[in-house]
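Q: Residue numbers (this note's numbering), protein chains in the order written: chain A, 1 to 142; chain B, 1 to 237.
The hints are simulated quantities; they were obtained by calculation from the structure and are not laboratory data.
Using N, Cα and C, we set each Cβ at its ideal position, and we do this for glycine too.
Where hints are given, some of them may not hold.
To spell it out: a stretch of chain A is covered by chain B in this simulated footprint if at least three of its residues, at any positions, have a beta carbon under 8 Å from a beta carbon of chain B; those stretches are [claimed, not checked]:
#: 1; stretch: 11 to 22
#: 2; stretch: 39 to 48
#: 3; stretch: 118 to 125
Result set (DSBU-like, lysine-lysine): computed pairs, CA atoms no more than 35 Å apart in a straight line [to be verified]:
#: 4; chain 1: A; residue 1: Lys70; chain 2: A; residue 2: Lys92
#: 5; chain 1: A; residue 1: Lys70; chain 2: B; residue 2: Lys168
#: 6; chain 1: A; residue 1: Lys92; chain 2: B; residue 2: Lys168
#: 7; chain 1: A; residue 1: Lys92; chain 2: A; residue 2: Lys110
#: 8; chain 1: A; residue 1: Lys110; chain 2: A; residue 2: Lys70
#: 9; chain 1: B; residue 1: Lys168; chain 2: A; residue 2: Lys110
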Amino acid sequence: MTSPTPRAQPRARYIVAALVCIGAVIAVVILAFALSGNVVYFRTVSEATQARDDDGRFRIAGAVVPGSVKTTDEGVAFEVTDGQETLSVIHKGDTPQLFEDGAPVVCEGKWGRGDAFASDRIMIKHGEDYTPPKVNAGERGA
Amino acid sequence: MGRVIGVGAVIGVVALCLFGLWGAPPDDRQGEAMRLLYLHVPSAWLAYFAFLVTAIASALFLWPRTRSIVWDRVAGASAELGVIFTGLTLVVGSLWGRPIWGVWWAWDARLVTTAVLFFLYLGYLALRRVPGEPVASGKRNAIAALIAFVDVPIVHFSVEWWRTLHQKATVFNPELSARIEGVQALTLWIAVLAFTLVYVYLLDRRYRLAVIDDALAGQALARAIRTRTGGNPGETT
Chain A
1 MTSPTPRAQP RARYIVAALV CIGAVIAVVI LAFALSGNVV YFRTVSEATQ
51 ARDDDGRFRI AGAVVPGSVK TTDEGVAFEV TDGQETLSVI HKGDTPQLFE
101 DGAPVVCEGK WGRGDAFASD RIMIKHGEDY TPPKVNAGER GA
Chain B
1 MGRVIGVGAV IGVVALCLFG LWGAPPDDRQ GEAMRLLYLH VPSAWLAYFA
51 FLVTAIASAL FLWPRTRSIV WDRVAGASAE LGVIFTGLTL VVGSLWGRPI
101 WGVWWAWDAR LVTTAVLFFL YLGYLALRRV PGEPVASGKR NAIAALIAFV
151 DVPIVHFSVE WWRTLHQKAT VFNPELSARI EGVQALTLWI AVLAFTLVYV
201 YLLDRRYRLA VIDDALAGQA LARAIRTRTG GNPGETT
């Protein structure tokens with residue numbers, strides 16, 4: 001089909017090769033940068049309590065301790081646990097639909113006053129299991 | 001053949017609608033939002049598959065013995081479909097994330113690598129539009145497609161390699177034991193089959209379109225040359 005002048009071809013080829021390499025490099029850099037702070041998307045409760053002097057924002061994952069949820073003026077206060085350590089969380093703002101006793105949550109925020117974690121965003125970490133509703137829908141396992 | 005696949009795809013999609021919306025029960029915890037799984041999971045698989053086809057076709061183009069314009073066209077057509085399926089995966093996943101996670105988007109490894117996948121192949125499609133001599137541009141397209149494919153396994157294993165908000169694989173997990181059963185599993189398989197048929201049908205259509213495109217470009221070029229060399233521009237070959 002189209003055949004450009006023989007002299008123009010090598011130059012075009014270099015430009016294209018350079019473009020492809022630049023694109024690949026940009027992709028790798030974006031990947032590295034975007035993931036650097038987020039490769040570990042959350043810390044477990046134990047990991048978080050071991051790094052109490054961290055004054056930056058981070059995320060904590062754990063299960064809501066059943067019976068610990070109390071509503072406050074600005075949101076909710078509750079405890080999360082990873083099975084080893086338990087931590088109180090004071091959350092400002094709304095809670096997701098599936099927030100309840102025993103729910104696996106990821107809280108985003110920073111250390112607040114006292115021992116509590118001051119969260120301003122709660123996400124539910126859903127598992128990979130899917131099950132139809134139990135026949136007796138009134139009784140749900142925690 | 002294309003028509004048979006087209007009819008099969010329509011039947012598959014209708015069956016998916018029936019099973020997905022009525023046949024399958026909702027999830028115990030997620031409720032009705034779980035039905036989005038029947039679109040999200042097959043979209044993601046077909047995105048992987050489409051990019052795999054692009055990678056294989058690109059390798060066949062690069063290999064001198066099998067080099068043919070056919071493989072370049074297949075690679076391009078499949079990549080376009082892969083981008084559509086990746087986009088669908090992102091949109092449906094976001095719609096699911098809002099009610100279940102509580103957020104539309106999370107900067108976790110799975111979501112970021114998937115977004116990168118989307119833009120990598122958009123870049124590849126843009127590169128395909130750069131004019132050039134067929135063999136040279138075919139080679140450069142093929143190399144770009146093989147580089148972009150590196151992200152596919154990264155996307156799939158991101159949930160195993162890093163801690164993510166996104167759940168791990170329900171079906172193709174390292175243990176290869178599906179965490180879904182009964183009618184829900186059946187519906188998921190119907191969805192995968194339906195999406196695959198839609199993919200094959202569209203790939204066939206898109207390939208034919210590429211053939212027509214090339215023929216038109218060839219005709220336009222021939223006409224331009226005849227005009228320049230003083231021939232009759234209206235004359236056909």
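Q: Against the structure shown, which of the earlier numbered hints fail to hold, in ascending order?
A: Of the numbered hints, all hold.
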